[in-house]
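Whenever a hint applies, use it, and build me the whole structure from the sequences.
As you go down the protein sequences, you meet chains A and B in turn. Just so you know, we're using numbering that gives the first Met the number 0 here: the first sequence kicks off at 0 and counts up by one. Just so you know, we're using numbering that gives the first Met the number 0 here: the second sequence kicks off at 0 and counts up by one.
A portion of the hints provided could be inaccurate.
Using 20 Å as the maximum straight-line C-alpha spacing, the simulated DMTMM-like pairs for lysine to aspartate or glutamate come out as follows [what the hints assert, rightly or not]: (1) A:251 with A:297; (2) A:108 with A:149; (3) B:7 with A:99; (4) B:11 with A:99; (5) A:167 with A:80; (6) A:134 with A:117.
None of these hints come from the bench; they were simulated from the model.
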Amino acid sequence: MIKVDNLIKQFGPKRAVDGVSFSVERGEVLGFLGPNGAGKSTTMRMLTGFLPPTSGKVTVGGHDMSEEPIAAKKLIGYLPESAPAYTDMTVYGFLNFAAEIRGLRGEAKKSALARVVELCFLESVLHQNVDTLSKGYRHRTCFAQSIIHDPEVLVLDEPTDGLDPNQKHEIRQLIRKMGEQKAIIFSTHILEEVDAACTRAIIIDRGVIVANGTPAELRRKSEWAGAVTLRILGQNAAEVRDKLSQLRSVKKVVVKESEGNGRVIAATVFPRTAGDSDLTREVIAVTNGWQVAELRTEEGRLDEVFYNITMKETETSGRDARATREAK
Amino acid sequence: MNPFGNIKTIAKRELQAYFTSPVAYVFIIIFLLLNGFFTFMVGRFFANGVASLAGSFFMWHPWFYLFLVPAVGMRLWADERRVGTLELLLTMPIAPWEAIVGKFIASWLFLGLALFLTFPVVLTVNHLGSPDNGVIFAAYLGSWLMAGAYLAVSCITSAITRSQVVSFIVSVVACLFLILAGFPPVIDLLQTFGHWHWLVDFITSFSVITHFEGFQKGVLDSRDIIYFLSVIGFSLFTTSVILRTHRTS
Chain A
0 MIKVDNLIKQ
10 FGPKRAVDGV
20 SFSVERGEVL
30 GFLGPNGAGK
40 STTMRMLTGF
50 LPPTSGKVTV
60 GGHDMSEEPI
70 AAKKLIGYLP
80 ESAPAYTDMT
90 VYGFLNFAAE
100 IRGLRGEAKK
110 SALARVVELC
120 FLESVLHQNV
130 DTLSKGYRHR
140 TCFAQSIIHD
150 PEVLVLDEPT
160 DGLDPNQKHE
170 IRQLIRKMGE
180 QKAIIFSTHI
190 LEEVDAACTR
200 AIIIDRGVIV
210 ANGTPAELRR
220 KSEWAGAVTL
230 RILGQNAAEV
240 RDKLSQLRSV
250 KKVVVKESEG
260 NGRVIAATVF
270 PRTAGDSDLT
280 REVIAVTNGW
290 QVAELRTEEG
300 RLDEVFYNIT
310 MKETETSGRD
320 ARATREAK
Chain B
0 MNPFGNIKTI
10 AKRELQAYFT
20 SPVAYVFIII
30 FLLLNGFFTF
40 MVGRFFANGV
50 ASLAGSFFMW
60 HPWFYLFLVP
70 AVGMRLWADE
80 RRVGTLELLL
90 TMPIAPWEAI
100 VGKFIASWLF
110 LGLALFLTFP
120 VVLTVNHLGS
130 PDNGVIFAAY
140 LGSWLMAGAY
150 LAVSCITSAI
160 TRSQVVSFIV
170 SVVACLFLIL
180 AGFPPVIDLL
190 QTFGHWHWLV
200 DFITSFSVIT
210 HFEGFQKGVL
220 DSRDIIYFLS
230 VIGFSLFTTS
240 VILRTHRTS
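In structure tokens:
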């Protein structure tokens, strides 16, 4: 549905987006991750036709955004980052306008309005002025605007920002449900949302895509992927460490005496290659005869992957670049 | 959807917004009060004893509009940018020019409504004497066209900045130029610079006052109409260029 080809955006001397390419098909929910200022919003603004790219191409449903902007924009619903809405109107007036500008009239408009009002729980504020709304309601009003024409493509810039935990949960559910029939791109910096709603995630840093895969694939990049954590009763810590360290697939072992004068030991065994499932089997074999209270294989941690990808390489070379970017 | 439908939808929303905020009511009341005061007190309408509105009523309009029209126009684009709704508007399936024209037409109709509400003056002069209503109608048309020209200039300044105050001040200055270029004291001053009559003519040809004069006398000169329409057209075009540059740079 959406195809982005080598997208570049230059703001003066600064390259905000530097050669981003990806595509999203119907039935996919793409999570767009990245630190603040990484180029997420700029990319989304180019996707939706608000900013023209310096170079590169955006195609939506086969329509080139720069050549057939109106045909392309018709297919998109867009929730901008700040969730703007006309403040000098009622919620109903605003949604009515959004429906009309999307070409909905008469019965079609009526049923579209009823549908989004119900989906976004706006009934109670329908005749309230937008500028008197709380942030959560305003956000949902703008979200309602983006889905009023039941678009095939949905671009959501931080859709859960500023919502309370219940509302976040509702929006994620909604995204996942709509994602079954639409192509959805949403940006976030909340990693748990990737698991909650995405079928695929892209991590972008300094305008470049640094990782692209399913949440499980991304997690496998973590050194925690395939690591085994154990709690063992009544064993000597040094002996445990020795035995575990001799395993074939092991990279490192961390042993802690956790409680009760060393009677309970917590150990974590990291695999030599991330996501290696042999390690779990080896650990189980070696623990034969020990009193094991708990044994768990880790799936890997997204936050660690995110940190490694966006921070570690930055620490030496990119720190200055980052500082200037943040100052801006 | 057709361009006409889009323009109508946008104009409708804009007009609705005027009347849900106090801006519209404040504007109309002040406009009517000013008109009443200047026509009857300063313009000495009764003392003149002439069944005409040119010298007492319409002559003030270029000056009223100088402050009132930028007040109407300043929010047009500045507010869209400040609130961020510009991003919504320009990602809707409409052409930017449709949005520009739609918003302009809404404000222009609003100014037309304010102007229409001065009709008691027309009733008064008809009650007291027998004026040439054709002349009055022509002057109304001219006044509305002039308001449109000011408004289009305000559109430009409103697109330049996200601050309404800056937009207001800049458009007042720009509109002041449009007035002063034909203001008799300024023309006199220009003529003292020598015999460059073509220069004086050139500058005064930009003035709204010069072009509004014909309408006040009941003369519908196509050149005057074209002048106002071309100021509007040029300004709206400039607005579209400015909005596009904002997004590319």
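Regarding the pair residue 11 (chain B) and residue 99 (chain A), is the alpha-carbon distance no greater than 20 Å?
11 Å, holds
Please work out if residue 134 (chain A) and residue 117 (chain A) have their alpha carbons no farther apart than 20 Å.
18 Å, holds
Holds or violated: are the alpha carbons of residue 108 (chain A) and residue 149 (chain A) at most 20 Å from each other?
This hinted pair holds, its Cα atoms lying about 11 Å apart.
Given the hinted pair residue 7 (chain B) and residue 99 (chain A), is their alpha-carbon gap at most 20 Å?
Answer holds: residue 7 (chain B) to residue 99 (chain A) is near 10 Å, not above 20 Å.
Residue 251 (chain A) and residue 297 (chain A): Cα distance at most 20 Å?
Judged against 20 Å, a Cα distance of about 15 Å means the pair holds.
Assess, step by step, whether the Cα of residue 167 (chain A) is no farther than 20 Å from the Cα of residue 80 (chain A), and give holds or violated.
15 Å, holds
Going down the numbered hints, you'll see the structure goes against none, and every one checks out.
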